[in-house]
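Participant: Here is how the chains run, residue by residue.
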Amino acid sequence: MVTNITNLGRSGLSDWLIQRVSAVVLAVYTLFLVAYLLFHPNLDYATWSGLFAHTWVRIFSLLAFISMAAHAWVGLWTVSTDYLKHTAVRFGFQVVVIFAIFVFLVWGVQVLWGA
Amino acid sequence: MSDLQVSIYRYNPETDSAPYMQEFQIDTQGRDLMVLNILAMVKEQDSSLAYRRSCREGVCGSDGMNMNGKNGLACITSLSEVVKDNKLVLRPLPGLPVMRDLVVDMGLFYKQYERMQPYLQNDTTAPAIERLQSPEERDKLDGLYECILCACCSTSCPSFWWNPDKFVGPAGLLQAYRFLADSRDTATQARLAELEDPFSLFRCRGIMNCVAVCPKGLNPTRAIGKIREMLLSNAT
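Heads up: the sequence lines are chains A and B, in that order.
Here the first sequence stands for residues 1 to 115, numbered as in my numbering.
Here the second sequence stands for residues 116 to 351, numbered as in my numbering.
To be clear, the hints were calculated from the coordinates, so they are not data collected in a lab.
Mixed in with the good hints there might be a few duds.
What the hints assert, rightly or not - Calculated cross-link-like contacts (lysine-lysine; reagent style DSS-like; alpha-carbon spacing at most 25 Å):
hint : chain 1 : residue 1 : chain 2 : residue 2
1    : B       : K185      : B       : K202
2    : B       : K341      : B       : K331
3    : A       : K85       : B       : K281
4    : B       : K341      : B       : K199
5    : B       : K199      : B       : K185
6    : B       : K226      : A       : K85
Said to hold, decoys possible - Not close to chain A: a few residues of chain B, all C-beta gaps over 12 Å, as computed:
hint : residue
7    : S117
8    : D118
9    : D147
10   : N201
11   : Q236
12   : T239
13   : E245
14   : R246
15   : E252
16   : N278
17   : S298
18   : L310
19   : P313
20   : S315
21   : T351
To be verified - Derived contacts from chain B toward chain A, CB cut-off under 8 Å, selection only:
hint : residue
22   : C170
23   : Y234
24   : W277
25   : E311
Yeah, the Cβ is synthetic: ideal placement off N, Cα and C, and Gly gets one too.
Isolated chain B, as found in the complex:
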């Protein structure tokens, strides 16, 4: 079996005037490795390659990247899932500024996340021990709290590409709903007011790229729909 053809986006702003694609040949010995393993093998050939990684098991969300045109986590994406015609093309997450090679500046992504005030707010007196939730109330947070902020969803969303300074993006909106749906949070009205303008939430056109790429199998589009329902019932 011939070597895997790996094509990687390279850009070092200190030495390159423009980004370019660099080709590598990797001998996988017929094994169905994860894409992150391939990156490690490439780095043995060229130690100047830069990419983020940490837990290598789909928990930390560091190695989000574009693999053969689709965003995902390199550590839990096997070659058999993405490789076509023995070729693997790796690019940084689209839409965010590239700092170097596969490393992007996540500043705008985090700024939108921060704007959603992703922490519990409750203006009632704190009970002696803890704020209790019924099992049913807790169930509402399933499918929301699992997000690891890898940015695969937001950077696959054209609305986020065009207006990353105004549209919160699927990841931020999923977290907005995570706190809107929480029975212990009392800042519901303030949270909804922040989302009522034409950009923050309503720039979502429901194309569901976010759902197609989420490595954790979450559904931001459904969360956005739920927020829309809350806004509508609040205002009509």
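Chain A on its own, in the form it takes in the complex:
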């Protein structure tokens, strides 16, 4: 029996599912942003700000941020358990990654709803 306590979902199955679902969300969000930028070649602040004034864009963006956070946690946790063999180094890396993800997520919420 293999046990783990620092991965996101506590189970390989849930981590795997989270990784796949968040990848789809991120792909759709990326396509949306790229398409928007292509259709607005002379983008100015007012137009860009106007886009994020829509509640659905904010919800979509937050969904993408949360997906990014989960995706990064699962992915970097996997990288750390593959390549960092020293327990203190590995755990230290995981703490830094989780802390950074938390900061970026809260910052993202502030950007979306703060302005």
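Fit chain B to the known structure of chain A by using the hints.
Facilitator: The following block gives chain B in isolation, referenced to the frame of chain A:
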């Protein structure tokens, strides 16, 4: 035609402080021999060379090794398949501890195989004669039961290199699915529970090195995908 240049990984822990590559010249007389034949000819030049072999026809799985960078069975790999620029480089299977020359310690590989409980488990009362299977149910075991445990797949898998104590590896997972897919086995839930953590099965990243090297042409990646489907339908 010039002699075949054979470069072989040598290491005797009793006399060598570090492994080294030893060069041999082998006259094949233009024949397309199997790599195992070449090893026998090298052994005539230097009888201290150690390697495993038994059936010499791809059934026993003893002579798995790394030939010009690719794992395979020396007895059924011809020179024309692997030799480039008249040079043949032979190394032990990667990722497992070397005991001597081309002989590796397969302990971790067998430990993961054993963890999959590779035998039929059935808690119902045994019938008088035998447990019957329909031809369709039997067909599901094709492509699974043929594995000879040569370890070519698991030792070509980076996930197994990094975590051989936790990741079961393609060979073990192929056998796990062989019993999950067997209509006569009733330990399905216990087998799935053993594979649900982030390492045992899910460390597979699907790069398919196992499929590329399997000397029996089996597909562990597909078996791993099937187990994942079983786990998912069980848990959602």
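Participant: Against each hint, give a clear statement of whether it holds in the structure.
Facilitator: Going through the hints against the structure:
With a C-alpha separation of about 14 Å, the suggested pairing of K185/B with K202/B holds against the 25 Å cut-off. Of the supplied pair hints, the one linking K341/B and K331/B holds, its CA atoms being roughly 20 Å apart against a limit of 25 Å. Of the supplied pair hints, the one linking K85/A and K281/B holds, its CA atoms being roughly 13 Å apart against a limit of 25 Å. Distance check on the hinted pair: K341/B and K199/B sit about 37 Å apart at the alpha-carbon level, beyond 25 Å; violated.
Our distance criterion of 25 Å between C-alpha atoms is met by K199/B and K185/B, whose separation comes to about 12 Å. Proximity of K226/B to K85/A is assessed by CA-CA distance (about 21 Å); at most 25 Å being required, the pair is judged to hold. Non-interface status of S117/B relative to chain A is upheld: no Cβ of that chain comes within 12 Å, the nearest being about 43 Å off. Against chain A, the non-interface label of D118/B holds: every CB pair exceeds 12 Å, the least being about 42 Å.
D147/B, annotated as away from the interface, keeps every beta carbon of chain A farther than 12 Å; the closest lies near 40 Å. Once the 12 Å rule is applied to beta carbons, N201/B is consistent with being away from chain A; the minimum gap is 37 Å. The Cβ of Q236/B lies farther than 12 Å from every Cβ of chain A, with a closest approach of about 18 Å, so its non-interface assignment holds. T239/B, annotated as away from the interface, keeps every beta carbon of chain A farther than 12 Å; the closest lies near 26 Å.
Under the 12 Å C-beta cut-off, the non-interface status given to E245/B relative to chain A holds; the minimum distance is some 34 Å. Non-interface call for R246/B relative to chain A: holds, since the shortest CB-CB distance, roughly 29 Å, exceeds 12 Å. No beta-carbon of chain A is positioned within 12 Å of the beta-carbon of E252/B; the least distance is around 26 Å. For N278/B, the non-interface assignment is contradicted: its Cβ lies about 7 Å from the closest Cβ of chain A, within the 12 Å cut-off.
Even its closest Cβ contact with chain A, about 24 Å, leaves S298/B beyond 12 Å, as expected for a residue assigned away from the interface. Taking the minimum C-beta to C-beta distance to chain A, about 8 Å, the non-interface status of L310/B is violated against the 12 Å cut. The beta carbon of P313/B sits about 4 Å from the closest Cβ of chain A, which is not more than 12 Å, so the claim that it is off the interface is violated. Remark: the non-interface label on S315/B conflicts with the geometry, its nearest Cβ contact in chain A lying 6 Å away (cut-off 12 Å).
Some Cβ of chain A comes within 12 Å of the Cβ of T351/B; the nearest lies about 8 Å off, and the non-interface call is violated. With a least beta-carbon distance of about 35 Å to chain A, the hint placing C170/B at the interface is violated under the 8 Å criterion. For Y234/B, the interface hint is violated, since its Cβ never comes within 8 Å of a Cβ in chain A; the closest pair sits about 19 Å apart. Checking W277/B against chain A by beta carbon gives a least distance of about 4 Å; that is within 8 Å, so the hint holds.
Using the Cβ-Cβ criterion of 8 Å, the hint placing E311/B at the interface with chain A is satisfied: the shortest such distance is roughly 5 Å.
When held up to the earlier numbered hints, the structure conflicts with 4, 16, 18, 19, 20, 21, 22 and 23 and fits the remainder.
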